[in-house]
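So you can see what is in the structure, the chains are spelled out below.
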Amino acid sequence: MQELEIAVHEQACRGCQMCVDVCPTKVFEFDEEKRLCVVKHAEDCIACLSCAYICPSGAITHANYHVVKNFYRDLAFCKKMEKTI
Amino acid sequence: MPDLNESRASLQETMTFLGAIASGLEEAIGESANSISYLAGKRLGMQLSSGIEKTGDIELALISVRKVLLDNGCLWHFEAFKTHDRPEMVQPSDDGQDINLVFRDCMIRQSLFTFGHHQKGSLCNMMFGFFSGALQNIMGHDSTLEILHAGENACYKRLIIHSGENGARKAVTQ
Numbered sequence: 098m099q100e101l102e103i104a105v106h107e108q109a110c111r112g113c114q115m116c117v118d119v120c121p122t123k124v125f126e127f128d129e130e131k132r133l134c135v136v137k138h139a140e141d142c143i144a145c146l147s148c149a150y151i152c153p154s155g156a157i158t159h160a161n162y163h164v165v166k167n168f169y170r171d172l173a174f175c176k177k178m179e180k181t182i
Numbered sequence: 086m087p088d089l090n091e092s093r094a095s096l097q098e099t100m101t102f103l104g105a106i107a108s109g110l111e112e113a114i115g116e117s118a119n120s121i122s123y124l125a126g127k128r129l130g131m132q133l134s135s136g137i138e139k140t141g142d143i144e145l146a147l148i149s150v151r152k153v154l155l156d157n158g159c160l161w162h163f164e165a166f167k168t169h170d171r172p173e174m175v176q177p178s179d180d181g182q183d184i185n186l187v188f189r190d191c192m193i194r195q196s197l198f199t200f201g202h203h204q205k206g207s208l209c210n211m212m213f214g215f216f217s218g219a220l221q222n223i224m225g226h227d228s229t230l231e232i233l234h235a236g237e238n239a240c241y242k243r244l245i246i247h248s249g250e251n252g253a254r255k256a257v258t259q
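Protein sequence lines, in the order shown, are assigned to chains A and B. Residue numbers for the first sequence follow my numbering, so the first one is 98 and each next one is one higher. Residue numbers for the second sequence follow my numbering, so the first one is 86 and each next one is one higher.
This list has only true hints and no planted wrong ones.
In silico BS3-like pairs for lysine-lysine, Cα to Cα no more than 25 Å straight-line:
| no. | chain 1 | residue 1 | chain 2 | residue 2 |
| --- | --- | --- | --- | --- |
| 1 | A | Lys166 | B | Lys205 |
| 2 | A | Lys137 | A | Lys123 |
| 3 | B | Lys205 | B | Lys167 |
| 4 | B | Lys167 | A | Lys166 |
| 5 | A | Lys137 | B | Lys167 |
| 6 | B | Lys152 | A | Lys166 |
| 7 | B | Lys152 | B | Lys167 |
| 8 | B | Lys205 | A | Lys123 |
| 9 | A | Lys123 | B | Lys167 |
| 10 | B | Lys152 | B | Lys127 |
| 11 | B | Lys139 | B | Lys152 |
Stretches of chain A that chain B covers, calculated by requiring three or more beta carbons in the stretch to come under 8 Å of a beta carbon on chain B:
| no. | region |
| --- | --- |
| 12 | 120-127 |
| 13 | 132-141 |
| 14 | 146-158 |
Hint data in this document are derived by calculation from the structure and do not stem from the laboratory. In this text, a Cβ means the ideal position worked out from N, Cα and C, and glycines have one as well.
Use the sequences and the hints to build the structure in full.
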């Protein structure tokens, strides 16, 4: 798998710093000059996706990360919907 | 592939049932549910790791735990993780040593999400118990698996091996 990528989209970020607070590995930093959150240590991202879920403006995206294997209720339905299990 | 689908479906059904029991236990007896799950996990960890090769090296011990989980069809994949501000993967702590772990595919997390239960509850304590039991067998020391962060796609935990003087004393008094 390629290296994990994480990005904060400057135009969407409102500088609320919720990502800074929620990240367990301190990937983000608040840029006082721009008044925006920026990715400071991308190599520390564990792809828990908490930042992406908590960001009110959906400004954070990840790429090349491991998506956890989900449980599905109905195997036949999943097959029909072409979902992996 | 049909075999895999079948085993995944069985696992799903079992975990759904387990999630419901844990949720009911938490509602009925509160935080005591954590102790019950911990002890159940510890017994399971000790049983499944019995006869496995012993080592004093934490990284080798984790490889053994991973093997035990894989051999027994447990969907609990984890890896050691080092952040930029941590000089070494394994670091000395007050009464032993610690290492940070990332848990990605986790049957407990998926079970909790399926029914909308909270993370960091009694089922998560079962994993703490499992590691504690397995590492007691493999390393001969008590350990703590502390949840630093419970995320939607991965969890971040700190494993502390109480191998120092205080840890040894703690294990004896238990």
